[in-house]
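Engineer: Here are the chains, one letter per residue:
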Amino acid sequence: MPIVVNLDVMLAKRKMSLTELSNRVGITLANMSILKSGKAKAIRFSTLEEICEILACQPGDILEYMDEEAYKKLMG
Amino acid sequence: MSLRTFNRITTWVVAFILNLLVAISLYNILFCYKFNGYHTHYELSNNHRWFICNFIFGYIIDGFFLIFFLLVLPAKIILLISIGKPFDISNIRNLNAISYCLLSMDFVYYAENVLLEMVSKNNFSFKALFETNFKTIGWQWYLLAGAIVFVIARAFKRGYDLQKEQELTI
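Residue numbers (my numbering), protein chains in the order written: chain W, 1 to 76; chain B, 1 to 170.
Among the hints, a few may not be true.
[Stated by the list, open to error] Only pairs whose alpha carbons sit at most 30 angstroms apart, straight line, appear in this in silico DSBU-like list of lysine-lysine: (1) 85/B to 41/W; (2) 164/B to 73/W; (3) 15/W to 41/W; (4) 73/W to 39/W; (5) 36/W to 85/B; (6) 164/B to 39/W; (7) 15/W to 85/B; (8) 164/B to 41/W; (9) 73/W to 41/W; (10) 13/W to 73/W; (11) 73/W to 15/W; (12) 72/W to 41/W; (13) 36/W to 13/W; (14) 76/B to 36/W; (15) 73/W to 36/W; (16) 157/B to 85/B; (17) 15/W to 39/W; (18) 13/W to 76/B; (19) 13/W to 72/W; (20) 157/B to 72/W; (21) 72/W to 39/W; (22) 13/W to 41/W; (23) 72/W to 36/W; (24) 72/W to 164/B; (25) 15/W to 36/W; (26) 85/B to 13/W; (27) 76/B to 73/W; (28) 85/B to 164/B; (29) 39/W to 13/W; (30) 164/B to 76/B.
Derived by calculation from the structure, the hints in this document are not laboratory data.
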């Protein structure tokens with residue numbers, strides 16, 4: 001799926017760890033890792049809302065659309 | 001009654017019925033040789049070849065078919081359902097295997113009957129293909145059962161897909 005999750009970039013900008021984010025959002029670290037690694041198939045609006053609130057960003061800062069070729073290049 | 005208790009009771013009732021069915025089938029194999037009726041056409045005592053052939057088909061091949069596909073695989077499916085994993089990938093594979101087994105049962109029995117016809121009359125010709133009575137097999141029930149199990153397997157596959165999607169929704 002050519003939607004890329006840039007959660008790691010936002011986390012680095014806010015100097016926050018994944019564990020801290022998962023604790024504050026209230027979802028497990030395993031699920032947060034699935035989201036970060038791009039294995040997730042969907043994201044609930046409620047989860048997105050909480051992540052945006054905690055990281056003080058827009059959904060577009062976390063999610064990005066790429067065309068197929070660029071996505072394949074990125075993922076190898 | 002809680003859902004868990006209801007599930008458990010249902011599972012045991014289904015398991016009991018399945019075991020009963022398998023026990024009846026095994027009884028038929030062991031004591032009546034076959035349940036499709038062709039043993040009534042031939043003399044048992046004087047035809048050793050027929051007896052050996054019947055032994056091989058009746059005990060080994062059909063025994064394997066019935067024990068594996070109608071006892072082992074349903075038992076595995078019931079076990080997985082009772083521990084709360086109904087939409088496991090192995091359940092779908094097992095259901096598919098059962099449905100293919102049931103759908104191919106007609107051809108297996110037909111081939112057996114043709115071979116028995118050849119062996120019992122000591123006449124290895126193509127004539128046996130047409131002399132074999134296909135009606136004794138009861139083909140429509142195997143096809144119907146196979147089709148029903150196949151549809152159930154498709155439903156389980158859909159359930160598996162939905163469950164996977166649900167698990168990967170964060």
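Engineer: Assess, step by step, whether the Cα of residue 15/W is no farther than 30 angstroms from the Cα of residue 36/W, and give holds or violated.
Structural biologist: 16 angstroms, holds
Engineer: Take a quick look at whether residue 164/B and residue 76/B sit within 30 angstroms of each other, Cα to Cα.
Structural biologist: With Cα atoms ~21 angstroms apart, residue 164/B and residue 76/B stay inside 30 angstroms; holds.
Engineer: Check the hint pairing residue 73/W with residue 15/W against an upper bound of 30 angstroms on the C-alpha distance.
Structural biologist: The hint holds at about 28 angstroms.
Engineer: Can the restraint linking residue 72/W and residue 41/W be considered satisfied, given a maximum Cα separation of 30 angstroms?
Structural biologist: Holds - the C-alpha atoms of residue 41/W and residue 72/W are around 17 angstroms apart, at most 30 angstroms.
Engineer: Would the hint linking residue 13/W and residue 72/W be met if the CA-CA limit is 30 angstroms?
Structural biologist: 26 angstroms, holds
Engineer: Are the Cα atoms of residue 164/B and residue 73/W separated by 30 angstroms or less?
Structural biologist: Given pair residue 164/B, residue 73/W holds - Cα atoms ~27 angstroms apart, limit 30 angstroms.
Engineer: Given the hinted pair residue 13/W and residue 41/W, is their Cα-Cα distance within 30 angstroms?
Structural biologist: 25 angstroms, holds
Engineer: Take a quick look at whether residue 72/W and residue 164/B sit within 30 angstroms of each other, Cα to Cα.
Structural biologist: 23 angstroms, holds
Engineer: Given the hint that residue 164/B pairs with residue 39/W, test it: the Cα-Cα distance must not exceed 30 angstroms.
Structural biologist: Distance ~12 angstroms between residue 164/B and residue 39/W Cα, so the pair holds.
Engineer: Starting from residue 85/B, check that the Cα of residue 13/W is at most 30 angstroms away, please.
Structural biologist: Judged against 30 angstroms, a Cα distance of about 41 angstroms means the pair is violated.
Engineer: Taken at face value, is the distance from the CA of residue 36/W to the CA of residue 73/W at most 30 angstroms?
Structural biologist: Judged against 30 angstroms, a Cα distance of about 18 angstroms means the pair holds.
Engineer: Is the Cα-Cα distance between residue 36/W and residue 13/W 30 angstroms or less?
Structural biologist: Given pair residue 36/W, residue 13/W holds - Cα atoms ~15 angstroms apart, limit 30 angstroms.
When the structure is compared with the earlier hints, violations turn up for hints 7, 14, 18, 26 and 27 and for no others.
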